[in-house]
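**Q** Each chain, letter by letter, is given below.
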Amino acid sequence: MREFIDPILVLVLLLNFVALGASRLRTLIQAVAFQGMLLGILIILAHGSFMLWVLLMAGATVALKGVMIPRMLFHAIREVVIRREVEPIVGFVASLFLGAVGTALALLFAKTLPIAHEPVSSLVVPASLSTVLTGFLVLTTRSKAITQVVGYLILENGVFIFGLLLMEAIPFMVELGVLLDLFVAIFVMGIIIHKISREFSSVSTSMLSELKE
Amino acid sequence: MNEWLIVLGIALHAASGVPGLFYPADDERGQRLSLAMAVVGSVSGIAGALWSLWSPPVSGAMMRVDGLVVCFLLPIFLIPTLGGLYGMEYWRQSQHPRNGRKLRLFYGLVTAALAGVTVAANTILFLAAWEIMALSAFFLVTTEDEDRAVRESGWLYLVTTHISTLCLFALFAILRSVTGSYSLEPLPSGVASPELVNALFVLAVIAFGCKAGLMPFHIWLPGAHAMTPSHVSALMSGVLIKIGIYGLIRITSWLPDPPVWWGGLLICLGAVSGVLGVVMALGQHDLKRLLAYHSIENIGIIVMGVGLALVGRSLNCMEWVLLGLAGALLHVWNHGLFKALLFFSAGAVIHVTHTRDMDHLGGLARVMPRTAFFFAVGAVAICGLPPLNGFVSELLIYIGAFRTLGIGQDVSWFGAAFVAPTLALIGALALACFVKAYGAVFLGAARSRHVEHAHEVSQAMTGPMLVLAGLCFLIGMAPILVAPALDRAVQDWAPGLMSGTRSLAVVAPLGWVGLGALSLIVLAGLAGVVLIRRVRSGGHTSTGTWDCGYAAPSERMQYTASSFAQILGGLFSWVQQPRMHRPDIKTVFPGRTVFQSHVLDIVLDAVLKPAYRVGAKFLSSFRFLQAGNIHAYLLYIVVFLIVLLLWK
Amino acid sequence: MIQCLVHIVLLLAMPPLLLGVIGKTKALFAGRVGAPILQPYHDLVKLFKKGSVFSTTTTWVFRAGPVVGLATALLAGMLIPFGGHAAPVAFSGDMILFAYLFALGRFFTASAALDTGSAFEGMGSAREVTFSCLAEPALFFGFLVLAKMSASLSLTTMLDGTFPLGAGAAAPSLVLVAASLFIVLLVENSRIPFDDPNTHLELTMIHEVMVLDHSGPAFGMILYGASMKLFILGAFLLRVVAPFKGSDPWSDWGLFIVGMLAMAVVIGVVESVMARFRMVFVPTFLVAACLLSAFGVILLLR
Amino acid sequence: MAFLLFIVPLVMAGLALVTPSNRWRPWLIPAGGVAHLVLTGLALSGGPVSALQGWLVLDPLGKLVLGLISVLFVVCSYYAPAYLALRAERPNRFFCACLLAMLGMMTLVTLSHHLGLMWVAIEATTLATAPLLFFNHSPRSLEATWKYLLIGSVGIALALLGTFFLAYSSIREGLAPTLLLDDLVRIAPQLSGPWLHAAFVLLLVGYGTKMGLAPMHTWKPDAYGEAPGLVGALLAGGATSCAFLAILRFYQICQAAPEAAFAREILVFMGLFSMAVAAVFMIRQRDFKRMLAYSSVEHMGILVLGIGLGGLATFGALLHLITNGVTKGVLFLSAGNIHRAYDSKLTDDVRGAIRRLPVSGVLFLAGFLVVTGSPPGGPFISEFTILTGAVSGGHYAVAALYLALLAIVFIGMGTTVLRVVQGVPSAQAAATSYRDRPQLVIPILVFMGLSLLLGLYIPKPLNTMLHDAAAYLEVTP
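Protein chains in written order, with the numbering used here: chain A, 109 to 321; chain B, 19 to 666; chain C, 11 to 312; chain D, 191 to 667.
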C-alpha cells in the first residue's frame with residue numbers, strides 16, 4: 109500500500125498551495141479540512157495494516173481535523189464575520205511564490221538529513237517541512253485572526269506528517285493526547301475569536317496591536 | 019576577646035535604629051535610645067580595635083582583624099556616633115516624624131556594614147556587607163525623596179554603586195577561579211597569569227574608585243553629599259567613601275608582584291582627582307557641594323599616597339611604602355575628622371539659615387562664633403596647613419615623593435616626584451577655595467534675609483565639633499601618638515617587605531612637626547597678646563568699613579563666593595565649563611535684572627549625560643521591534659529558527 | 011648657640027632695613043634724596059603707638075590676620091639658613107613646613123581682608139590666593155631641584171653649597187630655578203612689576219589692598235611681617251644664587267648681610283626701571299615661573 | 191504517589207468547577223495548594239517515586255522544580271482569595287479551576303520522563319493559563335491572551351516537531367524507537383547527529399517560546415502586563431520553570447551525545463541574546479508590569495546561559511531557578527498591589543508608592559534590588575555563582591558581556607522602579623480604596639524572607655537537592 113503514500117503527499121503539498129492562493133475564507137478552510145482527511149488516510153497507509161488502534165487513530169484524525177475543527181471554523185465565520193475574504197498582507201501571487209521557495213528549501217534541507225534505511229517514503233520529510241513552512245506563511249501573511257488559526261492548523265498538519273515516520277515510536281495515548289490538545293487549543297482560540305469580534309467588531313488581527321512599546 | 023568587642027560594636031550599631039521603629043513618630047525616646055546604643059557600641063568597638071593593636075592579628079574564616087582593619091575601624095566607630103549625637107538636634111525626631119526613624123535605621127545599618135566590610139574575611143560576607151552599606155547609603159541619600167533633585171542624586175548614586183558592585187563580582191569571581199575558595203587571602207605569586215592579575219587590579223580600581231569617588235568615577239558624590247542631612251554627609255564623606263580606599267589598599271596588598279605602572283596609574287588618577295576635584299569645588303555656590311568636591315580632592319591625595327606605596331613595593335623600597343601608605347592612612351583619618359567637622363559646621367549654618375547657597379550667606383561669625391571657629395579649624399586642617407592634622411599626613415606623602423628622587427638610596431622613580439608640586443598646587447587651590455567659603459559664609463556682612471534669624475546652635479551640635487576639632491589639634495601637635503598604629507598597618511600591608519626595624523618615627527620628622535606646631539601656637543599666642551595689649555593701650559574705636567571713599571556701600575556689594583573664584587575659574591574654565599546666564603540689556607535704563615552662573619561637572623555633565631542620552635536613544639530605536647504586530651512576532655520565530663538551523 | 015642667637019637677632023632686626031634700602035635706591039634712581047634708610051623702623055614704632063580703628067563688621071578673624079602672618083614669618087625664619095650658617099631648626103622635610111607656614115599666613119591675611127566686607131579687600135584677597143596657586147608649584151619644583159642636587163631633604167643642607175652630583179651638572183637647573191624663584195619672590199612680596207606697594211589705585215593692587223582697613227599696631231604687625239617675609243625669601247634666593255661659604259663664621263655673617271643689602275638694591279633697581287605689568291599678565295608670568303622650574307627638574311632628572 | 195501529586199490538583203479543579211459560591215470557591219485554591227505541598231513534601235523526603243514503567247519518575251531535577259512550584263503556588267494561593275475578594279464583581283469559576291489545573295499540569299511536567307507526555311502536559315499548561323490571562327475581560331487582556339495562545343501554540347508545535355525529530359534520530363540508526371528519557375540518554379552517543387542537531391534547535395525554539403527566550407519572548411510583556419499579579423508570579427516562577435525543565439531534558443540528551451559543544455554554544459548565545467533584548471526594552475520602560483516581563487526574559491536568559499556555561503555555572507543556574515522564582519513572586523505580587531491601588535501601571539501616574547502603600551512599595555523596591563543581584567539576596571548567590579562559573583571556565587568575554595548587560599538592566603529597571611516608589615503621589619492619581627492588608631502582603635513578605643534566606647544560607651536539604659540535580663544533569667553515561 110505504500111505506493112499510494114507518495115501521490116497523497118503530493119496532494120497534501122498541492123493543498124498547501126491551494127491554501128496559499130485561496131482568496132475566500134471558505135476555500136481556505138476547506139483545503140485544510142481536506143488536508144486533515146488525507147492525513148487520516150496516510151496513517152493507515154503508513155502503517156500498512158488495519159489494526160484496531162490504527163483505525164481508531166485514523167478515525168480520530170479524520171473526525172477532528174477533517175470534520176470537527178473545520179466545522180467550528182465555519183461556525184465562527186458565520187457568527188462573526190462581516191467580510192469573508194482572506195485579507196492578505198502579502199499578495200496571493202507573492203505568497204505562492206514564497207510557498208514554492210519554501211518547498212524548494214524544504215526539499216534541500218531534507219537532503220541534508222540522513223533518512224532511515226527503510227523509509228516510509230522519501231517524500232515525508234520534505235512534505236512535512238514544506239507544510240510547516242506553509243503554515244508559517246499563512247500565519248505571518250494573513251491578517252485575520254481566523255486565518256491565523258488555519259495557519260496554525262496547517263503547521264500542526266506538517267508536524268503530523270512527520271509523525272508518520274514514527275508510528276511505532278509514539279504510543280497511542282500520546283498521539284491521542286496530542287490530538288486532544290490540538291482540539292482544545294483550537295476551541296479556546298475559537299472562543300477568543302468570538303470575544304475579539306465582539307470587542308473589536310472585526311477579526312482582523314491588525315486591530316490587535318494596542319499592546320506595544 | 020578583642021574581636022568580640024568589635025562584633026558587639028557592630029551588632030549594637032546595626033540594631034541601633036530598630037527600637038525607634040516601635041515608638042510613635044514624634045517620640046524622641048527612640049532617638050535617645052538609638053544614640054545610647056551607638057555610643058556603647060562605639061566604645062566597645064574602639065576598645066576592641068585599640069586592643070587589637072597590641073594583640074596578634076585575628077584571622078578566621080569569617081573575620082579578620084589586623085592593623086589595616088584597625089586603622090579603618092577607628093573612624094568608623096567614632097564619626098557616625100558623633101554624627102548621631104549631632105543628629106539629636108539637627109534631625110530631631112519630633113521635627114522629622116516622617117523620615118527620622120527610617121534615617122536612623124539605615125544610619126545604624128550603614129555604620130555596622132562599614133565595619134563589617136573591613137573585618138569580613140570571605141567573599142560572600144564581604145559582598146553582603148558591602149551591599150548593605152551601599153544600599154543603606156542609598157536610603158540615606160534619598161531621605162527627602164519628595165524633592166526631585168534628591169531623587170536624581172539617589173538614582174545616580176544607586177547606578178554608580180551598582181556598577182561598582184558588579185565590578186566587585188567580577189573581581190571576586192576571578193579570585194575564586196584562581197584560588198578555588200571564597201576566603202579572602204593573599205594571592206601567592208605565580209598562581210595567576212600577569213594579565214589576570216592586571217585585570218584584577220583594574221577591576222579593583224574601578225570598583226573601589228567608584229565608591230571612593232575617585233575621578234572619573236566620582237559622578238555620584240557631589241549630589242549625594244549635598245542632598246543628604248549634614249550628619250549623613252559627614253558620615254558619607256568621613257568614613258563611607260574611605261571604604262573604597264580600604265578595598266583598594268586591601269586588594270593591592272593581596273596581589274602579587276605589582277608592576278610599577280600600577281602605582282603610576284594610581285598616582286595619575288590621584289593627581290587628576292586632586293586637582294580637578296578642588297578646581298570643581300572652586301566653582302560651586304552650594305556650600306555642601308563645595309565640601310563634597312573637596313572629598314574628591316582628598317581622595318586624590320590619599321590615592322597618590324597609595325600609589326607611592328605601590329611603587330615602593332614594586333621597586334622594593336620600604337621607605338616609600340612606609341611614607342606613602344602611612345600618609346594615605348593618616349589622611350584617611352584626618353579627612354574623616356576635618357571633613358566631618360566641616361560638614362557639621364556647615365550643617366549648623368544650614369540648620370539656622372535654611373539655605374546652602376553661599377552667596378546668600380555672610381557675617382555669620384558674629385552670630386555663630388563657636389561654629390565659625392570650628393569651621394575655621396576644619397578649613398585650616400583641610401588645606402593641610404600647620405599646626406593641624408592635615409599637614410602631618412600631607413607631609414608624609416611629600417617626603418615620600420621627595421624620596422623617590424633617589425635621596426638616601428640608589429633606587430629612584432622620578433614619576434612619583436611630581437606628586438610634590440601637584441600636592442602644592444592642590445594645597446594652594448584648596449586654600450583659595452576655603453578662604454572663599456569661609457569668607458562668604460562667616461565673614462563680612464549678611465547678604466540676604468536668610469541670615470536674619472541665625473543664632474548659635476545648641477551644644478548637641480557644637481559638642482561633636484569640639485571633639486573633632488580637639489582631635490585635629492591633637493594629631494597635628496603630637497603626631498608621634500599615631501605612629502604605632504600606622505606602623506602596624508603598613509607592616510600588615512607589606513609583610514615581607516617591612517622588617518620590624520623601620521618605623522614611621524624614624525623615617526619622618528614627627529617630633530619636629532609636633533614641636534613646630536606647638537611653637538607656632540605659642541608664637542601666635544605671644545603675638546596675639548602683644549597685639550591685644552597694644553590695642554588696649556593705644557585705644558580703639560569702631561566704625562564702618564572704609565570703602566575707599568564710596569559713600570553708600572551696601573552688603574550686596576561685597577565680594578561674593580563667585581566673584582572670589584572668578585580669576586581662578588578663568589584659568590580653569592576648561593574644567594569647570596561655566597555657564598553664564600547674562601541679562602539681556604536693551605534699553606538705556608534697564609530695569610531689575612538677574613545674572614546667574616553655574617559650573618558643570620567635567621565628567622558627568624560633559625561626557626556621561628550626553629553619552630547616556632545617546633545610548634538610551636539608540637536602545638529606544640529598537641522599540642519598533644515590539645510594535646504589537648503578531649505577524650512580526652511569528653516571523654521572528656521562523657527567522658530565528660532558520661538562523662539556528664543554519665548555525666552549524 | 012651664639013650662631014643661633016645671631017640668626018634670631020638678624021631675623022628680628024634686619025627686615026625693615028631692606029625696605030629702607032629699596033626705598034633709598036628707588037629714590038636715588040628717581041633723582042630724589044628719599045627717606046632715610048632707617049625710616050621703616052620709625053614707621054613701625056609709630057604705628058605700634060597709635061590707636062586702632064576697627065570696622066563694625068569684623069570679628070576675631072580680622073585680628074588674627076596680622077598675628078598669624080607675623081608668627082608664621084617668624085617660625086619660617088627659623089627654618090632658613092642665613093648665609094653659610096645652618097638654620098637653628100633643621101630636619102628632614104623642613105622645606106615643606108617652610109612653604110606651608112607662609113600658606114597659613116596667607117589663609118589668615120586673606121580671611122582677615124574678607125572680614126571687612128569691603129569689595130576692594132575681597133578683590134585683593136582673591137588675587138592673593140589666586141596668584142599663590144601658581145607660585146606654590148614653582149616653589150616646589152625648585153625644592154625638587156635643590157633636593158635632588160644636594161641629595162637632602164632639609165633646607166640647611168640643600169642650601170649649604172655642596173653638590174654631590176657635581177656643580178657642572180647642576181648649574182643649568184640652578185639658573186632656571188633661581189630665575190623662577192626670583193619671580194616668586196617678587197610676586198609673594200608684592201613688588202613691581204607684579205604689584206606696587208606704593209600705589210593708591212585700589213583696583214590694581216594685590217597685597218596692599220587687603221590691608222586697607224588695618225590700622226595702628228595691627229597694621230604695624232602686618233608691615234613687619236611682610237618685611238620679614240621679604241627678608242626670608244631673599245635669604246633663600248641668595249643661597250640659591252650665591253651658595254658660597256667662607257672659612258670663618260663671622261665673615262659668613264658679614265657676607266650674608268652684604269648679600270642681602272645687595273639684593274635689596276637689585277630689587278630697588280628692578281622697581282625703578284620697570285613699569286608695573288597689567289594684572290592679566292601676572293598669571294602668565296607665574297606660569298612661566300612654574301615652567302622654568304619644572305624644566306629645571308626635567309633637566310636634572312633626564 | 192506520582193499519580194496523587196497531579197491528580198489531587200485536578201480533582202480540586204473539578205471541584206472548583208462545580209462549587210456554586212463565588213465567595214467560597216477561591217478557598218479551594220489554598221486548600222489545593224496545601225494538599226499539594228504536603229504531598230510534595232512526602233514525595234521529596236520519601237524514597238524514589240516512579241510509575242507507569244518509567245513514564246513518571248521523580249528525578250533530582252524534577253524534585254527541584256516540583257518543590258519550587260509547590261512552594262510558589264502555596265504562597266500565592268494564600269494571596270488568591272483576598273485578591274479575588276477585591277474583584278468580587280467578576281465570576282471566578284474558571285479562574286479557580288484553571289489555576290488548580292495549571293498546578294496539576296505543571297506537576298505532571300516535572301514528573302514525566304516520557305517526552306511525548308511531557309509535551310502534552312506543557313501544552314495543557316498553556317491552555318490552562320489562557321483563561322487566567324483573560325481574567326480582566328478587557329480588550330487589552332483579550333489581545334494579550336490571543337498573542338499568548340497563538341505564539342505559545344506555534345512554539346509548542348515546533349517543540350512537537352523537535353520531539354519527533356529526536357525520536358527519528360534513534361530510528362534512523364536502527365535503534366529501538368523510544369521517547370523515554372532514560373533510554374535516550376543511554377543511547378545518546380549512537381543517535382544520528384544531524385537529526386539530533388535539528389531536534390535540539392527545534393526544541394529550544396519551541397520550549398524557548400514557552401519559557402520566553404528572546405526573540406520568542408514577544409508574548410511575555412503583553413501577557414504579564416495584562417494578567418493579574420498573581421498569575422504573573424505563577425507564570426514567571428512556575429510555568430517558565432517547567433519549560434526550562436523541558437529544555438534541560440533535551441540538553442541532558444545532547445550532553446550525552448557528541449552534540450554537547452554545539453548545544454552549549456547555542457545556549458550561551460541565546461542566554462546573552464535574551465539578556466540583551468531585555469536590556470534594550472527595559473531602558474525607558476514606562477509600564478512597570480511590562481518591565482517585570484522583560485526582567486523575566488532576562489532571567490530566563492541567565493538560566494540558559496548558566497546551563498550553557500556548564501560546570502559551576504550549572505549549579506548556579508539551578509539555584510537561580512529557585513531564587514528567581516521566589517523573587518519574582520515578590521515583584522509580581524507587590525506590583526499587582528500597586529497596580530490595584532493606583533489603577534494604572536504607567537510611571538506617569540504611579541508615583542510615591544512607598545508613601546501610599548508602605549509595605550507593598552518597600553517590598554517592590556526591595557524585590558527589585560534583590561532580583562538585580564544585590565547581596566545579600568538569593569539571586570545574588572546564584573548570579574555570582576554563574577559568573578564564577580564563566581570565569582573559571584575561561585569565558586572572560588561572556589563574563590564581561592554578562593556583567594555589562596546586568597548593569598544596563600539595572601539602570602533601566604532602577605529608573606522605572608524608583609520612579610514608582612519614590613516621591614509623592616500626584617494629586618491626579620486615581621483615588622481607589624485599595625489599602626495594604628495582611629492577606630495581600632504576608633505572601634510577599636514570605637517570598638522576600640525566602641529570597642533573603644537563600645542569600646544568607648542555603649538549607650541543607652535544598653543544597654543536597656541542588657547538588658544531586660547538577661550531578662544528574664551533567665552526568666554522562
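Take these hints with a grain of salt, some might be off.
[What the hints assert, rightly or not] Within a straight-line C-alpha distance of at most 30 angstroms, the following computed DSSO-like cross-link-like pairs (lysine-lysine) qualify: (1) B:LYS627 to A:LYS320; (2) B:LYS604 to A:LYS320; (3) C:LYS56 to C:LYS34.
For the record, the hints were derived by calculation from the structure and aren't laboratory data.
**Q** Decide, hint by hint, whether the structure agrees.
**A** A quick look at each hint next to the structure:
1. B:LYS627 to A:LYS320: Holds: LYS627 (chain B) and LYS320 (chain A) sit about 28 angstroms apart, inside 30 angstroms.
2. B:LYS604 to A:LYS320: violated, 51 angstroms
3. C:LYS56 to C:LYS34: holds, 20 angstroms
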